[in-house]
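*Asks:* Read off the chains here:
Number of protein chains: 2
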Amino acid sequence: MATSAPTRDSVLTRAVRIFDTFTPDDPVLTVSEIARRSGLHLATASRLVAELVEHGLLARDDDRRVRMGVRMWELALRASPALTLRDTAMPFLEDAHYVVKHHVQLGVLDGTEVIFLERLSAPGAVINYTRIAGRLPLHVSSSGLVLLAFGGPALQEHVLSGPLPAYTDNTITTPARLRAELAEVRKQGFAWCPGYVHPDALGIAVPVRGARGAVVAAVSAIVPNHPDNRAVIGVLTAAARGIGRSLTGPPLTH
Amino acid sequence: MATSAPTRDSVLTRAVRIFDTFTPDDPVLTVSEIARRSGLHLATASRLVAELVEHGLLARDDDRRVRMGVRMWELALRASPALTLRDTAMPFLEDAHYVVKHHVQLGVLDGTEVIFLERLSAPGAVINYTRIAGRLPLHVSSSGLVLLAFGGPALQEHVLSGPLPAYTDNTITTPARLRAELAEVRKQGFAWCPGYVHPDALGIAVPVRGARGAVVAAVSAIVPNHPDNRAVIGVLTAAARGIGRSLTGPPLTH
Numbered sequence: 001m002a003t004s005a006p007t008r009d010s011v012l013t014r015a016v017r018i019f020d021t022f023t024p025d026d027p028v029l030t031v032s033e034i035a036r037r038s039g040l041h042l043a044t045a046s047r048l049v050a051e052l053v054e055h056g057l058l059a060r061d062d063d064r065r066v067r068m069g070v071r072m073w074e075l076a077l078r079a080s081p082a083l084t085l086r087d088t089a090m091p092f093l094e095d096a097h098y099v100v101k102h103h104v105q106l107g108v109l110d111g112t113e114v115i116f117l118e119r120l121s122a123p124g125a126v127i128n129y130t131r132i133a134g135r136l137p138l139h140v141s142s143s144g145l146v147l148l149a150f151g152g153p154a155l156q157e158h159v160l161s162g163p164l165p166a167y168t169d170n171t172i173t174t175p176a177r178l179r180a181e182l183a184e185v186r187k188q189g190f191a192w193c194p195g196y197v198h199p200d201a202l203g204i205a206v207p208v209r210g211a212r213g214a215v216v217a218a219v220s221a222i223v224p225n226h227p228d229n230r231a232v233i234g235v236l237t238a239a240a241r242g243i244g245r246s247l248t249g250p251p252l253t254h
Numbered sequence: 001m002a003t004s005a006p007t008r009d010s011v012l013t014r015a016v017r018i019f020d021t022f023t024p025d026d027p028v029l030t031v032s033e034i035a036r037r038s039g040l041h042l043a044t045a046s047r048l049v050a051e052l053v054e055h056g057l058l059a060r061d062d063d064r065r066v067r068m069g070v071r072m073w074e075l076a077l078r079a080s081p082a083l084t085l086r087d088t089a090m091p092f093l094e095d096a097h098y099v100v101k102h103h104v105q106l107g108v109l110d111g112t113e114v115i116f117l118e119r120l121s122a123p124g125a126v127i128n129y130t131r132i133a134g135r136l137p138l139h140v141s142s143s144g145l146v147l148l149a150f151g152g153p154a155l156q157e158h159v160l161s162g163p164l165p166a167y168t169d170n171t172i173t174t175p176a177r178l179r180a181e182l183a184e185v186r187k188q189g190f191a192w193c194p195g196y197v198h199p200d201a202l203g204i205a206v207p208v209r210g211a212r213g214a215v216v217a218a219v220s221a222i223v224p225n226h227p228d229n230r231a232v233i234g235v236l237t238a239a240a241r242g243i244g245r246s247l248t249g250p251p252l253t254h
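The listed protein sequences derive, respectively, from chains U and B. Take the first sequence: its position 106, counted from the start at 1, is 106 in this note's numbering, and no numbers get skipped. Take the second sequence: its position 166, counted from the start at 1, is 166 in this note's numbering, and no numbers get skipped.
Each hint should be verified, as a subset may be incorrect.
So the derived label-pair ranges between C-beta atoms look like this [said to hold, decoys possible]: (1) U/158 <-> B/25: 35 to 43 Å; (2) U/168 <-> B/186: 50 to 58 Å; (3) B/154 <-> U/63: 30 to 38 Å; (4) U/186 <-> B/122: 28 to 36 Å; (5) B/44 <-> U/157: 23 to 31 Å; (6) B/50 <-> U/177: 40 to 48 Å; (7) B/41 <-> U/234: 37 to 45 Å.
Below are the EDC-like pairs computed for lysine to aspartate or glutamate, each with C-alpha atoms no more than 16 Å apart in a straight line [claimed, not checked]: (8) B/101 <-> B/20; (9) B/101 <-> U/94; (10) U/101 <-> B/94; (11) U/101 <-> U/228; (12) U/101 <-> B/228; (13) B/101 <-> U/95.
Here chain B is said to cover these stretches of chain U; the calculated rule only asks that three of the stretch's residues, wherever they fall, bring their Cβ under 8 Å from a Cβ of chain B [claimed, not checked]: (14) 89-101; (15) 126-133; (16) 138-149; (17) 154-168.
FYI, nobody ran anything at the bench for these hints, they're computed from the structure. The beta-carbon is built from N, C-alpha and C at its ideal position, and this holds for glycine as well.
Pulled out of the complex, with its shape left as it was, chain U reads as follows (with noise of 0.2 Å):
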């Protein structure tokens, strides 16, 4: 059984290699660009990408060309924790979005990144980088700064030894700014992000807590760059513990 286990490990390999060949940009592809994009034989992109649509991970368009299969979605989205914790979240953003205009979202830590399970976004609303299952560096965004402020020492040191790119002129990029401001999101309870990720934009995050205090999420909102959002805070705030509340189930009553 030992000799065919690295033919087993590459088709897997390679298949997430196809997978990873789609992006929001690009969510259709012809196989020869699979195949560049993959570094795969165009022989074999065509006949993995054959069994692929044949499970329904990948489906064909008329054209021939390829896109992700519904049942690739329905998959990852069926069991997925992170759907539990998105739905349990969903009333209360919504709530949010309601006030706040704009962009609502909701992120987790993945890693050294955060990585967003939704975002509420109103017509015509600020500029905002962020994506449903879209990541962003934790030192760049308000979801990022919460996460990595509550997220313990290990991982901040990690962030602090690292790079730390800039996005925009107002970009956090020394370890010394980090530190102070991630003691600033502990102190306060909110992250304050004006530009951080694109000019025109001001990010704001707080921590939802869930068992026994844990920071589990970062609920944030995108707005205009204006100090005289502030208000927004409070209401993050409270979408932040009902979202908390309903997590880790009602009090117990006496």
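Since chain U is already given, all that's left is putting chain B on it; use the hints.
*Replies:* What follows is chain B alone, placed relative to chain U:
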């Protein structure tokens, strides 16, 4: 090359069988449970789970139990055409949900079932079996009847000639009644399904029309089963028009 094809086939097939063992009710499983449910040998399941964990498609809890990985969710959502439709629809679904309360959902046709891309629910809403990424047979639900009514004769004959299982005493279970209701849906522009899925719930659905007037989705509401809920039809119809308009872009101005 031909001789190795069955091995390749079986790795992906087995991986899909492993994914299939996870359900909304059982999102976390032990490797033994995965082996039993997938019909794979324990050693095979164990090895494949380890590989899928390495790729982030599955993840292990602290107690080594297994669940879907965030990466699977990310891959599926990031480039999903379903997400594009859902994103476009979201502001209109939110507005409708604000008025209708209870449940508002977006469904699309997949084979002979409706699959739900989104569901907004209010706390304390009426009972609803629908889940995001959940499915229902076309003849049972209001969304399904809309998608079937506008789904073309081949699909209709296929469903009419198959079994029509009952969910309640009110479910459509005869081809004659199904034909009559589909004609009614086409004539009225909505489906009205009191107690078809659950005696206490009323399903109401309207079609979303995309390019060239083709029906691409259904917007539905699940509300308490009372005849005085007819005002919901107008709210859903307006939402569906908005979604359709956003999908096809603004009309040309002269």
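*Asks:* Is 40 to 48 Å a correct range for the gap between the Cβ atoms of residue 50 of chain B and residue 177 of chain U?
*Replies:* 41 Å, holds
*Asks:* Given the hinted pair residue 101 of chain B and residue 94 of chain U, is their alpha-carbon gap at most 16 Å?
*Replies:* The hint holds at about 12 Å.
*Asks:* Is the straight-line distance between the alpha-carbon of residue 101 of chain B and that of residue 95 of chain U 16 Å or less?
*Replies:* 12 Å, holds
*Asks:* Is the listed coverage of the stretch 138-149 of chain U by chain B valid when you require three or more residues with a beta carbon under 8 Å from a beta carbon of that chain?
*Replies:* That given contact is violated, which follows from only 0 residues of the stretch 138-149 of chain U lying within Cβ reach (below 8 Å) of chain B.
*Asks:* According to a criterion of three or more residues whose C-beta lies within less than 8 Å of a C-beta of chain B, is the stretch 154-168 of chain U covered?
*Replies:* Contact hint for the stretch 154-168 of chain U vs chain B: violated, 0 residues under 8 Å.
*Asks:* At least three residues with a C-beta closer than 8 Å to a C-beta of chain B: is that true for the stretch 89-101 of chain U?
*Replies:* Our answer is that it holds, as 5 residues pass the Cβ test (under 8 Å) against chain B, meeting three.
*Asks:* I want to verify a distance hint. Is the separation of the beta carbons of residue 41 of chain B and residue 234 of chain U within 37 to 45 Å?
*Replies:* Distance hint for residue 41 of chain B, residue 234 of chain U is violated at roughly 56 Å.
*Asks:* Count the residues of the stretch 126-133 of chain U whose Cβ falls closer than 8 Å to any Cβ of chain B, and tell me whether that reaches three.
*Replies:* Three-residue rule met by the stretch 126-133 of chain U, so holds; n is 3.
*Asks:* Can you tell me whether the CB distance of residue 186 of chain U to residue 122 of chain B sits inside 28 to 36 Å?
*Replies:* Since residue 186 of chain U and residue 122 of chain B have Cβ atoms about 34 Å apart, the given range 28 to 36 Å holds.
*Asks:* Given the hint that residue 101 of chain B pairs with residue 20 of chain B, does the C-alpha gap stay at or below 16 Å?
*Replies:* 33 Å, violated
*Asks:* Would the hint linking residue 101 of chain U and residue 94 of chain B be met if the CA-CA limit is 16 Å?
*Replies:* 12 Å, holds
*Asks:* Residue 101 of chain U and residue 228 of chain B were given as a pair; does the straight-line alpha-carbon distance stay at or below 16 Å?
*Replies:* 32 Å, violated
In terms of the numbered hints stated before, the structure departs from hints 3, 5, 7, 8, 12, 16 and 17, listed from lowest to highest.
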